[in-house]
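Asker: Now for the letters of each chain:
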Amino acid sequence: MSDNFAEGSAKSVDLSSLLKLEDVWKIYQMGEVEFAALKGVDLHISKGEFVVILGPSGSGKSTMMNLLGCLDLPSKGTVLLNGKDISRLSESELATIRGKMIGFIFQQFNLIPTLNTLENVMLPLEFQNADPSAAKKKAVELLDLVGLSQKARNLPSQLSGGQRQRVAIARSLAVDPDIILADEPTGNLDSKTGTYILDFLYGLHKKEGKTIIIVTHDVALVRYAERVVHIKDGTVESIEEIQNN
Amino acid sequence: MRSSSYLKMALTILLHSKIRSWLTIIGIVIGVGAVVGIMSLSENMQKDMEARLSEMDLTAITISPGSSKAMMAMGPGGGGGGSSSSSEDTNLTKKDIMALRSVDGIQYMYGQISGKEDVYFLGEEAELSITGVDPQVWQYATTDTAESGRLLEPSDNYVAVIGSGVAEDVFDNEVGLNQVLTIAGKSVRVVGILESEGGSGDNSIIMPIDAAVTLIEDAEPDVYDSIIVKAESMEIAENVSAEIEEKLMLSRHVTEKDQDFSVTTSASMVETASDMMESMTLFLAAIAGVSLVVGAVGIANTMFTSVMEKTREIGTMKAIGATNRDILMIFMMNSALVGLVGGILGVIAGSLITALFPLLGMQMMGGSVSVSLSPRLTIFGLTVAVAVGVISGVVPAFQASRMKPVDALRYE
Chain A
10 MSDNFAEGSA KSVDLSSLLK LEDVWKIYQM GEVEFAALKG VDLHISKGEF
60 VVILGPSGSG KSTMMNLLGC LDLPSKGTVL LNGKDISRLS ESELATIRGK
110 MIGFIFQQFN LIPTLNTLEN VMLPLEFQNA DPSAAKKKAV ELLDLVGLSQ
160 KARNLPSQLS GGQRQRVAIA RSLAVDPDII LADEPTGNLD SKTGTYILDF
210 LYGLHKKEGK TIIIVTHDVA LVRYAERVVH IKDGTVESIE EIQNN
Chain B
664 MRSSSYLKMA LTILLHSKIR SWLTIIGIVI GVGAVVGIMS LSENMQKDME
714 ARLSEMDLTA ITISPGSSKA MMAMGPGGGG GGSSSSSEDT NLTKKDIMAL
764 RSVDGIQYMY GQISGKEDVY FLGEEAELSI TGVDPQVWQY ATTDTAESGR
814 LLEPSDNYVA VIGSGVAEDV FDNEVGLNQV LTIAGKSVRV VGILESEGGS
864 GDNSIIMPID AAVTLIEDAE PDVYDSIIVK AESMEIAENV SAEIEEKLML
914 SRHVTEKDQD FSVTTSASMV ETASDMMESM TLFLAAIAGV SLVVGAVGIA
964 NTMFTSVMEK TREIGTMKAI GATNRDILMI FMMNSALVGL VGGILGVIAG
1014 SLITALFPLL GMQMMGGSVS VSLSPRLTIF GLTVAVAVGV ISGVVPAFQA
1064 SRMKPVDALR YE
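Residue numbers (my numbering), protein chains in the order written: chain A, 10 to 254; chain B, 664 to 1075.
The hints are simulated quantities; they were obtained by calculation from the structure and are not laboratory data.
Where is the CB? At the ideal position from N, CA and C, for every residue including glycine.
Hints should not be assumed to be uniformly reliable.
Sample of chain B residues facing chain A (criterion: CB under 7 Å; computed from the structure) [what the hints assert, rightly or not]:
no., residue
1, Met664
2, Thr675
3, Ile676
4, His679
5, Ala882
6, Pro884
7, Thr974
8, Glu976
9, Ile983
10, Gly984
11, Thr986
12, Asn987
13, Leu991
14, Pro1068
Please take these sequences and the hints and turn them into a complete structure.
Answerer: This is the structure in C-alpha cells:
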C-alpha cells in the first residue's frame, strides 16, 4: 500500500499534473460591481494525492471546487484536466468528463429523492450508457462496500444522514473515477459519522490510489491530508505539505 | 443515457409526484374525455345514420312549395323584385301533377296534405299530425308496412292508418283496430296500425286525402302541401329530380331565380342532415378542444414548477455526468407520461360517456347507439394526450436542460 502511495508522490513532481490551475480568475458581475472570487490562483494536483482545500466561508473555496470539478469555467486563466483545457470543451463534453473522471460528494448528500439507494448508485453509470445489468452489478458491489446492501430498496428519505453520505460515496465511485471531489463531506454529520466517512475516503486513497480533494472550512480534516491548500480572499495563502505517514 | 433509463427516471418522478401533478392530469382527463366522447357520439350517430340510409327508400323525391334557393338568392342579392315567393301563396296543385305526368322514370306520384289537429279518443284529447294521401297510390309507394290491419285502399274514406306510437303511447287506452277516433267532429275508423320505425312517423295518422281535406283546417281540394314521387330506381332518382324541376319551372312560369318550389331527393336530405351533424360535431369538438388547451397550459405550469423544485437534482445529475440532452429527455418523457396517463384515464372517461349516451336518452335518430369506443378513437385520444404532454413540456424541459450545474447546485 505504501508503495502505491510512494508512486503517487513520485508523480506529483511529474510535469503532467492531473489537475492544474494556471493564473485562474473567477469574476462575478453583481449588478454594477464586479466581484473577484478567485484572483489569479495557481495550483496543481497530481494523481493519487489527498488534498484538503481549507478556507473560511467567502474565501473562494467553493468557486475553486466548481472549477476543479469542471462544473464552471474560469473568467480568466486556464484549468487543465489531464493536460486538456476545459474552457475549450463543449457543455456536453464537460458533462461526459465529469461523469467519467470525477466523483462528487456533497455536503447535502444530493441523492435523487425519487430513486432508491441502488438506483442512485447506478445513476452515473446510466449517464455513461452502461449496460443496465453490469451497472446494477457494480452498484450492488459498491453498496456492499459501504455496508448498505440491506438498504438497496430504500429511498434516501428512509436513511440517516451518515447512511445517505455512504450512498453518495458509493455513487461517486460508480464510474471508477480518478478524482473524488468532496465539498464539506462531514458538514451535515455528527463527528463520529464524519470520522467514519473520512476514514473510508482515506482508505480509498490508500488502497486504490484515488485522488481525493476535500474542500472544507473544518480544520479537523487536515489530519488526513498530505497537502493542505489554504485559501483566503480568493488567493492561495499557503500550501502545507504534511508528512503524516 | 439509454431511452429505457429516461423512461425509468421519468416514471419515478411521476410516481413520486405531488398531488399537484395528479390535479394536472385531471385537466387532461377532462379534455381528452370530452373530445373523445363527443367524437364517439358523432361517430356512432353517423353509423346509425348510415344504417338508416341503407334501409331508407332512396327512390323518394319530395316536391314542396317555396324555395330555399329563392330565399337565399333574395338575402344577400338584395333583388326582392316583383314576385314575392313565400310558401303562403304558392301552392302545389293537381296542375303540377298533370305537368309531371310526362316525366320519364316516375313509378308513383301523389299529392299529400298534412296538418295538426286535435284528435279525441275515449274522452282524451291529443294534437296529432294528420297526413292525407292518395289511397290509390300510397299503399304501393310507401315503405311503411302494417303491423296489424291493412293499408289504405281506393274505396276508403273516413278511415285511418295510425302509427304505432298513436296506437300505444299517445292515449291512456290503447287504440286498436276498428276503434274510432274523432277528428274535427268526424268519426274516423282505424283500419291499420303501422310497424314502428322509430321516427316522428310513429305519431302520425294517415288518411285518404279526400277525407283529410275536410278535417284539416285551411286545406283545399286539389291543393297539396307536398308531392311525393317515387323514381323507378335509386340510380335515376337524381335525374328524375332534375327533370321534375325543369318541367315544373316551365309549367309554373318561373325561372331559377324566382323558383317557388323545391325538389329534394331523400338521398340529398340524408346528406344535408349528415352535413349538419358533422358541423355540429366539429363545433362541440372545438369546445372540448379548448379544455384540452387549458389542460396543456396546466401541464406546462406544473412542469415549470417541477423543474424549479428539482433544480438541485438537476444540478446533481449534471455534476455526475448528465448531458443537457439527458436532462431534456428526462423532463420531456415525464411530461409525455403525464399526458399519457391523462390520456388513458381520459379515454376511459370518454368510453364511459359513450356508454352513457343511451341512458341519457341521446338517441337522436331514434335507433340504438352503440356503446363502445372505437379503437381508432382510442388511439386518437392517446396520441393527442401524449402530444399535448410533449408540447407543453418542451419549454420547461429545455429550460431545465440549459441550467448551469453550478447555479443549479447552489439553488436552495
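Asker: Please go over all the hints and tell whether each is borne out by the structure.
Answerer: So, going through the hints one by one against the coordinates:
Hint on methionine 664 of chain B holds. Least Cβ distance to chain A is approximately 5 Å, under the 7 Å limit. The beta carbon of threonine 675 of chain B is positioned within 7 Å of a beta carbon in chain A (closest approach about 4 Å), and the interface hint is therefore held. With a least beta-carbon distance of about 6 Å to chain A, the hint placing isoleucine 676 of chain B at the interface is held under the 7 Å criterion. Of the supplied interface hints, the one on histidine 679 of chain B holds, with its beta-carbon coming within about 4 Å of a beta-carbon of chain A, less than 7 Å.
Annotation: alanine 882 of chain B was flagged as interfacial toward chain A, and the flag is violated, the nearest CB pair being 80 Å apart, outside 7 Å. Residue-level restraint check for proline 884 of chain B is violated (minimum Cβ-Cβ distance to chain A is 86 Å; threshold 7 Å). Given hint, threonine 974 of chain B at the interface with chain A, is violated; its Cβ is 12 Å from that chain's nearest Cβ, farther than 7 Å. Because the beta carbon of glutamate 976 of chain B sits about 6 Å from the nearest beta carbon in chain A, less than 7 Å, this interface hint is met.
Hint on isoleucine 983 of chain B holds. Least Cβ distance to chain A is approximately 5 Å, under the 7 Å limit. With 7 Å as the threshold, the beta carbon of glycine 984 of chain B comes within range of chain A, its nearest partner Cβ sitting at about 2 Å, so the hint holds. For the restraint placing threonine 986 of chain B at the interface with chain A, the shortest Cβ-Cβ distance is roughly 4 Å, inside the 7 Å limit, so the hint holds. Given hint, asparagine 987 of chain B at the interface with chain A, holds; its Cβ is 6 Å from that chain's nearest Cβ, closer than 7 Å.
Evaluation of the leucine 991 of chain B hint against chain A yields a violated restraint, the C-beta minimum of about 11 Å exceeding 7 Å. At about 5 Å, the closest approach between the beta carbon of proline 1068 of chain B and any beta carbon in chain A falls short of 7 Å, and the interface hint on this residue holds.
When each numbered hint is compared with the structure, violations occur for hints 5, 6, 7 and 13.
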